[in-house]
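Student: If you want the building blocks of each chain, they are given just below.
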Amino acid sequence: MTSAERKEAISAYVFIAPFLLAIIFMTGGPVLAAFFLSFCKWDILTPIQFVGLENYKEMFFNDPRFWKALYNTAYFTFLSVPVGMVLSIMVAMLMNQKIRGIAVYRTIYYLPSVLGAGVAVAVLWKWIFNADSGLLNYMISLCTGIPMSECPKWLASEFWSKNALVIMSFWGVGGGMIIYLAGLQGIPTALYEAAEIDGANRWQQFWTVTLPGLSPVIFFQLIITIVNSFQIFSQVYVMTDGLGGPADSTLVMVLYIYQKAFKYYQMGYASALAWVLFMVIMLATWLQFRYAKWVYYEGELRK
Amino acid sequence: MSETIPNPNESPNGFWASKRRNEKMTKIFTTIVLSIGAVTMILPVIWMLSTSFKAPTEVFAVPPIWIPSPLHFENYPKAWTISGMYASEGITFTTYTFNTLLIAVLSCIGVTSSSSIVAFAFARLRFPGRGPLFILCLATMMIPTQVTMIPTFILFKSIGWYDTYLPLIVPAFLGGGAYNIFLMRQFFMSIPYEMDEAAKIDGCTNFGVFWRILLPLCKPALTTVAVFSFVWNWNDFLNPLIYLDTNSKKTLALGLTNFVSLYGQDYHLLMAASLLIVIPLVAMFLIGQRYFIQGIATTGLK
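Those protein sequence lines, which keep their order, are chains Z and Y. Quick note: the first sequence uses the working numbering, first residue 4, plus one each step. Quick note: the second sequence uses the working numbering, first residue 49, plus one each step.
To be clear, the hints were calculated from the coordinates, so they are not data collected in a lab. Every residue, glycine too, gets a C-beta built ideally from N, C-alpha and C. Hints are supplied without guarantee of correctness; some may be wrong.
Stated by the list, open to error - Only some residues are given here: those of chain Y computed to face chain Z with a beta carbon under 8 angstroms: (1) Ile84; (2) Ala86; (3) Trp95; (4) Pro176; (5) Ile198; (6) Thr200; (7) Phe255; (8) Val279; (9) Thr305; (10) Leu318; (11) Leu329.
To be verified - In silico DSS-like links for lysine-lysine, alpha-carbon gap of 25 angstroms or less: (12) Lys205(Y) - Lys266(Z); (13) Lys101(Z) - Lys72(Y); (14) Lys10(Z) - Lys67(Y); (15) Lys205(Y) - Lys44(Z); (16) Lys248(Y) - Lys267(Y); (17) Lys67(Y) - Lys101(Z); (18) Lys75(Y) - Lys101(Z); (19) Lys266(Z) - Lys248(Y).
What the hints assert, rightly or not - Just the calculated beta-carbon pair ranges, DEER-fashion: (20) Ile207(Y) - Phe53(Z): 21 to 27 angstroms; (21) Leu214(Z) - Ala187(Y): 25 to 31 angstroms; (22) Met243(Y) - Gln291(Z): 33 to 39 angstroms; (23) Lys126(Y) - Met142(Z): 25 to 31 angstroms; (24) Gly251(Y) - Ile13(Z): 17 to 23 angstroms; (25) Met73(Y) - Leu90(Z): 19 to 25 angstroms.
Between the sequences and the hints, there should be enough to build the whole structure, so can you do that?
Tutor: Below is the structure:
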């Protein structure tokens, strides 16, 4: 190593020092500590007690609320992610045309996703979902003629409450739209021209040019949105007063972890829950990488 | 969308004319669909605005009164000052706004400064372990915060940071999060390396290259990171919920939640309060959008 190289390396380490601290104290250390805690019983006040696999045994064989929370989280994820993705791709494709006032449309669609997962937005949706005088049921009865009293009870109904969360998530499709829009604009127009010369119609162009060109973006978005929806929390907390009701129908994993840790002070059990959530997310991500053959990268020969 | 395949046997004029007609039809169709979508996206906001000006008796009317008359402007000061059960302690939304601003602004400074300098090192400097460390950085994006939440809480509590703003601000200065580092790094990578070399020949230090040459070129990416970090902190619910205990230290998100649990049926007041909380975000978005739509487009994908 020359002295110039050494100098460069030293200043690099100085620059990334804060990040290394974060890796050690905010990520790596806590992840290991949580792993250790998941084999313990601890309420912060009394001494910590090692219990082996007790927490996991309890969770898997003796805790219906855990299974309920896992089911609710999976239900929300597997409904909101694919439908939201199709919606945002569709909107992005419509936006990707030369139409007057496109900037205005873009702002209108994108803004809700920026306001995002805030408490204020959750309060608004709680009011929209109000069964007797909310906006949604009013619109439903206006369009279909069904009287409002026979419309779904949304947040008050054990069956509809999860679907209400899914519907609310669609208000944020603009976030994905912006990213797909950028992806669409990255597809070379020459490819479309070539397809047109070959006599491909719009539908065929979509399947052979647009979708493969967009697939790396779709892949990236799929991973990120699945990770995020497994972690849904604040909207549910606000809309159900922190309970996850009615009858635990909106009890999601993070809400359950929060309740166990900061309401009942079962730090060990909550850590075990968090680790299971972590494993589920890792498994979902791994599966996506495992079956990622549909993703097409430009400049790479397909075998 | 029905599209006919252009018939090559048609005369060239007919072909282009039909193609142009098709394009026009597509545009009209697109505009209609986008407009219907836009109305759907905006309707909740109009509903919010409308409710916030209603008298309590008008709130639950069916069909809804879209434009209440008279407009009850007094809902706004009323919602702002009663703010839950702590009015007797003199705590209103003004207190919460001040607290939230303090946290959001300081975190924003922390995240932008620290993520950009870490990203600069990853993008521009050579040092042993750079590759593995960057992969480690990306890997931390996969770890849900809930896993680290409990040990971090215990750590901060044990060093006496519970019920202070430190757990909400200090982490922002430690790298500013993997996602932001990644975003900034991608942006640095898109700037030609000749810039650095020219500056170094002129005697610039590594920090000088970062500070004087690259950072001024990174305004779109910096704005993106700053806006998103501000919005995130403004909205953050879980962390303040865990760490803040004293009522006078709470943030807008907590204050509003408390307001909901006490005045759950007074939707005219709830909507007024929610709107006031959301307005700064809308303003930031409208000011910054030119930058960060470009920022996402150029960095978020590569």
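Student: For every hint, state whether the structure bears it out.
Tutor: For each hint, the structure was consulted:
no. : hint                                      : result
1   : Ile84                                     : 11 angstroms, violated
2   : Ala86                                     : 5 angstroms, holds
3   : Trp95                                     : 5 angstroms, holds
4   : Pro176                                    : 7 angstroms, holds
5   : Ile198                                    : 5 angstroms, holds
6   : Thr200                                    : 5 angstroms, holds
7   : Phe255                                    : 7 angstroms, holds
8   : Val279                                    : 6 angstroms, holds
9   : Thr305                                    : 6 angstroms, holds
10  : Leu318                                    : 5 angstroms, holds
11  : Leu329                                    : 6 angstroms, holds
12  : Lys205(Y) - Lys266(Z)                     : 16 angstroms, holds
13  : Lys101(Z) - Lys72(Y)                      : 11 angstroms, holds
14  : Lys10(Z) - Lys67(Y)                       : 63 angstroms, violated
15  : Lys205(Y) - Lys44(Z)                      : 18 angstroms, holds
16  : Lys248(Y) - Lys267(Y)                     : 22 angstroms, holds
17  : Lys67(Y) - Lys101(Z)                      : 16 angstroms, holds
18  : Lys75(Y) - Lys101(Z)                      : 8 angstroms, holds
19  : Lys266(Z) - Lys248(Y)                     : 57 angstroms, violated
20  : Ile207(Y) - Phe53(Z): 21 to 27 angstroms  : 24 angstroms, holds
21  : Leu214(Z) - Ala187(Y): 25 to 31 angstroms : 29 angstroms, holds
22  : Met243(Y) - Gln291(Z): 33 to 39 angstroms : 37 angstroms, holds
23  : Lys126(Y) - Met142(Z): 25 to 31 angstroms : 29 angstroms, holds
24  : Gly251(Y) - Ile13(Z): 17 to 23 angstroms  : 18 angstroms, holds
25  : Met73(Y) - Leu90(Z): 19 to 25 angstroms   : 23 angstroms, holds
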